[in-house]
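Protein chains in written order, with the working numbering: chain G, 1 to 272; chain P, 1 to 272.
Everything labelled a hint here was simulated from the structure, so no lab data went into it.
Possibly wrong hints are sitting among the right ones.
Straight-line alpha carbon distances no greater than 27 Å define the calculated BS3-like cross-link-like pairs of lysine-lysine that follow [unchecked claim]:
#  : chain 1 : residue 1 : chain 2 : residue 2
1  : P       : K110      : G       : K211
2  : G       : K110      : P       : K211
3  : P       : K10       : P       : K131
4  : G       : K210      : G       : K110
5  : G       : K10       : G       : K110
6  : G       : K52       : G       : K10
7  : G       : K52       : G       : K16
8  : G       : K110      : G       : K211
9  : P       : K110      : P       : K16
10 : G       : K110      : P       : K210
11 : P       : K110      : G       : K210
12 : P       : K16       : P       : K52
13 : P       : K10       : P       : K110
14 : P       : K211      : P       : K110
15 : G       : K210      : P       : K210
2 protein chains.
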Amino acid sequence: MAPGSRIDTKVADRVKEIATGLYGDQAPEITFHPQCFLLSGHFAGDDAARTKAFLEIANDESFQALWFARGGYGACRLVESLIPELTDGARGKLYLGYSDAGSLLAALYKEGYAGLAHGPMPADITREGGKAAVERGLAYLVDRAPDALEASVPAGARTAAFNIKILGHLLGTPFQPDLTGHVLMLEEVSEYMYAIDRTLCQITSNPGIKKVAGIRLGRCSAIPDNEPDFGQTEEEVARYWCARSGIPYLGRADIGHDIDNKVVPFGGLGSV
Amino acid sequence: MAPGSRIDTKVADRVKEIATGLYGDQAPEITFHPQCFLLSGHFAGDDAARTKAFLEIANDESFQALWFARGGYGACRLVESLIPELTDGARGKLYLGYSDAGSLLAALYKEGYAGLAHGPMPADITREGGKAAVERGLAYLVDRAPDALEASVPAGARTAAFNIKILGHLLGTPFQPDLTGHVLMLEEVSEYMYAIDRTLCQITSNPGIKKVAGIRLGRCSAIPDNEPDFGQTEEEVARYWCARSGIPYLGRADIGHDIDNKVVPFGGLGSV
Numbered sequence: 001m002a003p004g005s006r007i008d009t010k011v012a013d014r015v016k017e018i019a020t021g022l023y024g025d026q027a028p029e030i031t032f033h034p035q036c037f038l039l040s041g042h043f044a045g046d047d048a049a050r051t052k053a054f055l056e057i058a059n060d061e062s063f064q065a066l067w068f069a070r071g072g073y074g075a076c077r078l079v080e081s082l083i084p085e086l087t088d089g090a091r092g093k094l095y096l097g098y099s100d101a102g103s104l105l106a107a108l109y110k111e112g113y114a115g116l117a118h119g120p121m122p123a124d125i126t127r128e129g130g131k132a133a134v135e136r137g138l139a140y141l142v143d144r145a146p147d148a149l150e151a152s153v154p155a156g157a158r159t160a161a162f163n164i165k166i167l168g169h170l171l172g173t174p175f176q177p178d179l180t181g182h183v184l185m186l187e188e189v190s191e192y193m194y195a196i197d198r199t200l201c202q203i204t205s206n207p208g209i210k211k212v213a214g215i216r217l218g219r220c221s222a223i224p225d226n227e228p229d230f231g232q233t234e235e236e237v238a239r240y241w242c243a244r245s246g247i248p249y250l251g252r253a254d255i256g257h258d259i260d261n262k263v264v265p266f267g268g269l270g271s272v
Numbered sequence: 001m002a003p004g005s006r007i008d009t010k011v012a013d014r015v016k017e018i019a020t021g022l023y024g025d026q027a028p029e030i031t032f033h034p035q036c037f038l039l040s041g042h043f044a045g046d047d048a049a050r051t052k053a054f055l056e057i058a059n060d061e062s063f064q065a066l067w068f069a070r071g072g073y074g075a076c077r078l079v080e081s082l083i084p085e086l087t088d089g090a091r092g093k094l095y096l097g098y099s100d101a102g103s104l105l106a107a108l109y110k111e112g113y114a115g116l117a118h119g120p121m122p123a124d125i126t127r128e129g130g131k132a133a134v135e136r137g138l139a140y141l142v143d144r145a146p147d148a149l150e151a152s153v154p155a156g157a158r159t160a161a162f163n164i165k166i167l168g169h170l171l172g173t174p175f176q177p178d179l180t181g182h183v184l185m186l187e188e189v190s191e192y193m194y195a196i197d198r199t200l201c202q203i204t205s206n207p208g209i210k211k212v213a214g215i216r217l218g219r220c221s222a223i224p225d226n227e228p229d230f231g232q233t234e235e236e237v238a239r240y241w242c243a244r245s246g247i248p249y250l251g252r253a254d255i256g257h258d259i260d261n262k263v264v265p266f267g268g269l270g271s272v
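With these hints in hand, go ahead and build the complete structure from the sequences.
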């Protein structure tokens, strides 16, 4: 299902082709909920349609995974009404997505769900070379393939990953998850460097976030030019806020809004 | 002083001319701290220079007001180091500004300061017709002129006003002020409608903000076009989030990033 923006039916067709190409007769059955293709203003259907689609898949024990189809914007609108409607069937499956879908991953993590992961989505097929990202997502969903994982994940720490602005918008809400002791990986796309700086100021001054084991910085891509130039790179900005807040800066993370985006399980390997 | 971006010396000259034009021999002495004209990457001088300028004016009892020169970006970087350095001299004066300066107004309000207000700044002179905004700012600083106030302020409620994204970035930080019982006025500029929606989702789900007496929506200007169109106006979005969160929607507020921006004292008239 698509919690924010819609996808085209071509995306669904290509993803199924890729699954068949990879696994042949053993290919997983992939169901794209019809809601994925709806259009209601900015969204893939209105809030009620997106909520219903999420619950129909999440609560149905016959589905082994809920693969978020695309980011965009809209997941945060669903969280409050979704959470009370989840049944036990929702706990036993994988959830994979990133970007805007991070709002739902966060809320489910706060509810104690295992099986949540930040990683590729079907809509990544629209990127040049996007087949690699979709194959990686499938490899994780079907086989928990170790080479789909972000390289630092196997070291065994609890992990979580977010888009920087999505995490910023979770702070101070009832859906902010407890990331104590986690390696927190952060990535961004299409934001001005001053806006990245501003959100990292917020994130690193949050008392809950200060309890993370450290921060790894993913890729920050398509940063618009600004006049005057901000004068610092994203890594300088991340190092600055980590140093200032006393949060260990642990280096780069292999995640981002691109085809190389690796999988980061929420809670680390122990939780999947 | 300028807590974020720099101003040109012409701005300072024009503002002094306007003060002389209005008050003649009785014109207030306006000191533009030299820091206002510095340039360090994105900022009006580095963090240390901006912090020093703020403290030199705030802590000096011979100044009756600290008028933030301009918004832009950078105030949030100063808050943590400023607060412990403030002396009693800082409590007895007015502070006027908006936009990015809201980060500092919020932190000072949390510290129990009276005399804080959201309203015009010297840099507004660069807007077409900006003289009216600067004159309004002066009328408030010099005379607490009632006609400088936002129209709902004299009704007597406790009030506060913020730029929407600046308030979003304050949530979950140690500098989020207690706005219990306040009429909260919110304005925005140059943000996509989906981004306004997302930040209002965050704001109205924050447990502290839920205690406000109600929300008034200021102007949301220069909203970039988006594909697909969001399909709702800013007032529809504000009404939606107020209804959903149980916060009373009280109508429009006469504030915004424009020359008609009226003054909103933090805490209401009782606090100035």
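Quick rundown of the hints versus the structure:
1. Between the alpha carbons of K110 (chain P) and K211 (chain G) the distance comes to roughly 24 Å, so the proposed pair stays at or under 27 Å and holds.
2. Distance check on the hinted pair: K110 (chain G) and K211 (chain P) sit about 24 Å apart at the alpha-carbon level, within 27 Å; holds.
3. Proposed proximity of K10 (chain P) and K131 (chain P) is supported: the alpha carbons are some 13 Å apart, at most 27 Å.
4. Between K210 (chain G) and K110 (chain G) the CA atoms are separated by roughly 17 Å; this keeps the pair inside 27 Å, and the hint holds.
5. At most 27 Å may separate the alpha-carbon atoms for a hinted pair to count; K10 (chain G) and K110 (chain G) exceed this at roughly 34 Å.
6. Simply put, K52 (chain G) and K10 (chain G) have alpha-carbon atoms about 23 Å apart, close enough for the 27 Å limit, and the pair holds.
7. Under the criterion of a C-alpha separation no larger than 27 Å, the hint pairing K52 (chain G) with K16 (chain G) is consistent with the structure, at around 23 Å.
8. The hinted pair formed by K110 (chain G) and K211 (chain G) meets the criterion: a straight-line CA distance of about 15 Å does not exceed 27 Å.
9. Distance hint between K110 (chain P) and K16 (chain P) is unfulfilled; the C-alpha atoms sit about 32 Å from each other, more than 27 Å.
10. Distance check on the hinted pair: K110 (chain G) and K210 (chain P) sit about 21 Å apart at the alpha-carbon level, within 27 Å; holds.
11. Restraint check for K110 (chain P) and K210 (chain G): the C-alpha separation of about 21 Å stays at or below 27 Å, so the hint holds.
12. A threshold of 27 Å between alpha carbons decides the hint, and for K16 (chain P) with K52 (chain P) the separation of about 23 Å falls inside it, so the pair holds.
13. Of the supplied pair hints, the one linking K10 (chain P) and K110 (chain P) is violated, its CA atoms being roughly 34 Å apart against a limit of 27 Å.
14. Of the supplied pair hints, the one linking K211 (chain P) and K110 (chain P) holds, its CA atoms being roughly 15 Å apart against a limit of 27 Å.
15. This hinted pair checks out: K210 (chain G) and K210 (chain P) have alpha carbons roughly 25 Å apart, not beyond 27 Å.
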